[in-house]
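Trainee: Sequence:
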Amino acid sequence: MVEARMSRNRAWLKLSVRSLLLLGSGIAFPVVLSAQSQQPSSPAPLSTLNEQQRAGRNLFIKNCSICHLPLKTENKSTVESATVGPVLKGLFRREKPLSEQVVRTFILQGVPQKMPGFQYGLEPKEIDNIIAYLNTL
Numbered sequence: 055m056v057e058a059r060m061s062r063n064r065a066w067l068k069l070s071v072r073s074l075l076l077l078g079s080g081i082a083f084p085v086v087l088s089a090q091s092q093q094p095s096s097p098a099p100l101s102t103l104n105e106q107q108r109a110g111r112n113l114f115i116k117n118c119s120i121c122h123l124p125l126k127t128e129n130k131s132t133v134e135s136a137t138v139g140p141v142l143k144g145l146f147r148r149e150k151p152l153s154e155q156v157v158r159t160f161i162l163q164g165v166p167q168k169m170p171g172f173q174y175g176l177e178p179k180e181i182d183n184i185i186a187y188l189n190t191l
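Everything in the sequence shown is counted per my numbering, starting at 55 for the first residue and increasing by one.
Do not take every clue at face value.
Simulated restraints on C-beta separations [unchecked claim]:
(1) S119 - T159: 33 to 39 Å
(2) E154 - K116: 28 to 34 Å
(3) E105 - Q167: 18 to 24 Å
(4) C121 - K179: 19 to 25 Å
(5) S101 - V156: 27 to 33 Å
(6) T190 - Q167: 28 to 34 Å
(7) N104 - P166: 33 to 39 Å
These aren't lab readings, by the way, just hints derived from the structure by calculation.
Even glycine gets a Cβ: it sits at the ideal position worked out from N, Cα and C.
Using the sequences and the hints, build the whole thing.
Mentor: Quick look at the structure:
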């Protein structure tokens, strides 16, 4: 009798686990498809960038893009959101925008335990170029 009850409990548990897996895959599959079908925003075409902005873009790609995708969105289901650093699109046009001086300080000094500073890796002119590029996002 005890064995029969344990056998029923195991069967019920297996059925419950299978049901949860099926339900979970039914929920996850549309989310994955949705994320795959979303097109990322496009940066300003290179042809519209001036020389300083193009130089800043190249420096950004070389030094910053490992953690910051410039067009990362707030939608966490997109692949774009898989970066370490904060959203940079519209950095200077937000409700509470950052000033260029604040951004310059972040680039130079970094953020303890989160972002390295580039005071020894970038010249002041290069930081100006990066800021010029960030203004185009």
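Trainee: Okay, which hints does this one fail, numbers in order?
Mentor: 1, 2, 3
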